[in-house]
Structures are given as structure tokens and as C-alpha cells.
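*Asks:* Each chain, written out:
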Amino acid sequence: KAGVTQTPRYLIKTRGQQVTLSCSPISGHRSVSWYQQTPGQGLQFLFEYFSETQRNKGNFPGRFSGRQFSNSRSEMNVSTLELGDSALYLCASRLPGQGLSGELFFGEGSRLTVL
Amino acid sequence: AQTVTQSQPEMSVQEAETVTLSCTYDTSENNYYLFWYKQPPSRQMILVIRQEAYKQQNATENRFSVNFQKAAKSFSLKISDSQLGDTAMYFCASDTGNQFYFGTGTSLTVIP
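From first to last, the protein sequence lines are chains A and B. Counting from 1, one number per residue, gives the positions in the first sequence under this note's numbering. Counting from 1, one number per residue, gives the positions in the second sequence under this note's numbering.
Only chain B is shown next, with the shape it has when bound in the complex (with noise of 0.2 Å):
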């Protein structure tokens, strides 16, 4: 089985400040997708991001990139010129097409 973790509960960010999230994950396979899902307060989650575990080059959406950093099975989220409208719970996840294992989730607050 594989496991995510994500060791940041929570974590806060000043209004168009950049913060960066962490995720660490276990798997045996060689090949495999990670994602980071946003779900704002009483909304549905959303896709933030993903990376295909073969491809070297981070990924980027925007404001939001990643640091993958495949030997070290770390998968970190980079918020650029946060804005209110990021505060939400932030999941990662991996999948191997069998199965979506996800973490605990951080919960980030952008402060005005």
C-alpha cells in the first residue's frame, strides 16, 4: 500500500506572499501520478495541480508550482502572490491508476 503524508496541519500566509507546502509519499511503483486538491470552506475540492512521476520537470498552473523530487519521494506545493481566495484544505495525492491514496490535508489561511 502506499502512504501520504503530509506533516503541516496547518499553516498561514500573508496576502501575495509565497508559501510552499509539504508531502512526502511511499510507493513501489515506477510509475505514478501526484496531485495537490484544494477544497475551500463548504465547497467541493478541486484539481490544483499534477505530476506524472516519469516527467523531470516540475509542474506549474499559474500561481501554484511543484518541487518533485523523485529519489527523495517528496512532492512540495509552491503558492505564489497568495490571495484570499487559497485559504482552503490542501490534499496530496498519489495514484498508480489502482488507486488514489491521499494525506491528512493542510490547512492553509491567507491573512489579509
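Bound-form chain A, shown alone (with noise of 0.2 Å):
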């Protein structure tokens, strides 16, 4: 069974511009939550998405958006880019619907860095 994918693996963008982040979940999970890691700060948590709809959302502003397709496909997107946007963003999938027992996935990650 293939892990969650996450593409690109490493992008640089200089400020101001956007970027799109893709996540591929495991095969049967329908539940995908985005989350932003840097060093001192831990992972922060951006979205979840159940079935094309966003189910919470992290304190992150607006610049930040995602959405789910119907084959359960994830993107996240970030537009006029910041150097503290600068992160390893990481993507999960679980099962939802089965109590409180649905471990996270976690992909490999997007390394961005904005210059």
C-alpha cells in the first residue's frame, strides 16, 4: 500500500510570488490535515479536509488556503510569499469515523524556502 506522496519534495520561491503544494493520502483515507513545521516552533496546524470540505483551520492568515478533491487529492497554496514562510510543510491522512484512534500518515514533506 503506497504511503502519502507530497510534491514537490523541495521548491524555492522568492517573496511575493505563490506556491502549490500537492498531497496524494493513502489509498482509503479520506481525511487530510496540513501542517507547518520549523525549527522551535514544532508542527503548526494549518487544515483538514474530510471529503472535499474543510473541517478546521489552524490560526494561519488568509494567504494560506487548501482544498480536497473528490479522489480525496489534497493542495495547499500560498500566495504573496514571506520569508517566514520559509518551512517544512507536512501533509497527513487518517481515517476518520473510527473514535479517536485515527493515527496520522505523515508524507515526507515540502521544504520551501523563500528567498
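Hints should not be assumed to be uniformly reliable.
[Said to hold, decoys possible] List time: in silico DMTMM-like cross-link candidates among lysine to aspartate or glutamate, alpha-carbon distance up to 25 Å:
#1 A:K13 x A:E75
#2 B:K73 x B:E61
#3 B:K78 x B:E52
#4 A:K13 x A:E108
#5 A:K57 x B:D26
#6 B:K78 x B:E17
#7 A:K57 x A:E108
#8 B:K78 x B:E61
#9 B:K73 x A:E103
#10 B:K70 x B:E52
#11 B:K55 x A:E103
#12 A:K57 x A:E103
#13 B:K70 x A:E103
#14 B:K70 x B:E29
#15 B:K78 x A:E103
#16 B:K78 x B:E15
#17 A:K13 x A:E82
#18 A:K57 x B:E29
[Said to hold, decoys possible] Cβ-Cβ distance ranges computed for the label pairs, FRET-style:
#19 A:Q41 x B:L47: 18 to 26 Å
#20 A:G62 x B:K78: 36 to 44 Å
#21 A:T38 x B:F64: 23 to 31 Å
It should be emphasised that the hints constitute simulated quantities derived from the structure, not laboratory data. Ideal Cβ positions, reconstructed from N, Cα and C, are used throughout, including at glycine.
Could you fit the two chains together into a complex? Lean on the hints.
*Replies:* Structure representation (C-alpha cells):
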């Protein structure tokens, strides 16, 4: 069974540009969540999608947005990039509806560098 | 909102020794899960161990075990017989079924 796949793995952008990151969850997983990981801050929750609907959203500005497609693949977009957006962006999928035991399965991440 | 606190940014342990990573959390929920995740250098995050809050018995997974103190809202991870492959960032997390909350992580280095 294929794991969570994130593309691209690495990318470099300049301030003001926008970026789109993609995540393909494990087959059968309908919940996809996104996290921003920076040194010293740990993982900060961005948002979670389930069946194409955003279920939860973290405390990030509106420049951060996402969506989920009917095949459960998800994309997140960051517009008007700032230097502080440089981070590892992690995607995780899980099987909701199984109580609280829905373990998160993570992808390898997309490392974004903003110059 | 929940908070998860890991007060040890970095730790080291000699190979074959035992080390304990600390984690405290704050939640008003009655039912929740707690997790320890491991992120090896340049590799993806994987689950180490999980604990259901309503279970008194501490979870164990081979060399990994937890000390779950519900009243104190403490959830520490003990790694026995440390191996070089245990070198990684370790994240404590809580989940009420709605959202995961992660700590800032503890960087563990196993010294040969």
C-alpha cells in the first residue's frame, strides 16, 4: 500500500510569489491535514479536509488556503510569500470515523525556501 | 484549545542506556488520545506509541513505554536499550478526534 505522497519535495521561491503543494493520501483515507514545521515551533496545524470540505482551520492568515478533490488528493496554496513562510510543510492522512484512534500517517514533506 | 509542552529541546543518551522524554498537556476534554511520533533526520514522521486517556494501563511497544499520569496531565516516553536508530526528533501530540496538537519536539541523539 503506497504511503502519503507529497510533491514537490523541495522548492525555492522569492518573496511575493505564490506556491502550490500537493498531497496524495493513502488509498482509502478521506481525511487530509496540513502542518507547517519550523525549528523551535514544532508542527503548527494549518487545516484539515474531509470529503472535499474543510473541517478545521488553524491560526494562519488567509494567504494560506487549501482544497481537496473528489479522489481525496489535496493541495495547499500560499500566496504572496514571505520570508517567514520558509518551512517544511507536512501532509498527513487518516481514517476518520473510527473514534479517536485515527493515527496520522505523514508524507515526507515539501521543503519551501523563500528568498 | 489544547496545548502540548515538551520542555526538553535536546537530549542525548549513550547507546544501550535508558532515556525519558517529558511531555505535559492541557485539555478540558474527558476523552482523548496521546501519541509520540518520531521524525528521523530527513525522513518521514512515524508513530511510536499511543495511549487512550481512559485506559489506566501504560502503553508499551517493545523498547518504548509511556508513563501516563492523567491527573498531572503528564505523558512521558521511556526508551530502553537505546539504539543508534533512535536518533530523531520526538513529538508528543494529543487528539480529541477533532484536531491534533503537537509539542515543539525533543531532539534525541544516541551516542555510540
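*Asks:* For every hint, state whether the structure bears it out.
*Replies:* Results of checking the hints against the structure:
| no. | hint | verdict |
| --- | --- | --- |
| 1 | A:K13 x A:E75 | holds, 17 Å |
| 2 | B:K73 x B:E61 | holds, 21 Å |
| 3 | B:K78 x B:E52 | holds, 17 Å |
| 4 | A:K13 x A:E108 | holds, 20 Å |
| 5 | A:K57 x B:D26 | holds, 20 Å |
| 6 | B:K78 x B:E17 | holds, 11 Å |
| 7 | A:K57 x A:E108 | holds, 22 Å |
| 8 | B:K78 x B:E61 | holds, 10 Å |
| 9 | B:K73 x A:E103 | holds, 21 Å |
| 10 | B:K70 x B:E52 | holds, 10 Å |
| 11 | B:K55 x A:E103 | holds, 17 Å |
| 12 | A:K57 x A:E103 | holds, 19 Å |
| 13 | B:K70 x A:E103 | holds, 21 Å |
| 14 | B:K70 x B:E29 | holds, 12 Å |
| 15 | B:K78 x A:E103 | holds, 20 Å |
| 16 | B:K78 x B:E15 | holds, 14 Å |
| 17 | A:K13 x A:E82 | holds, 10 Å |
| 18 | A:K57 x B:E29 | holds, 19 Å |
| 19 | A:Q41 x B:L47: 18 to 26 Å | holds, 21 Å |
| 20 | A:G62 x B:K78: 36 to 44 Å | holds, 43 Å |
| 21 | A:T38 x B:F64: 23 to 31 Å | holds, 26 Å |
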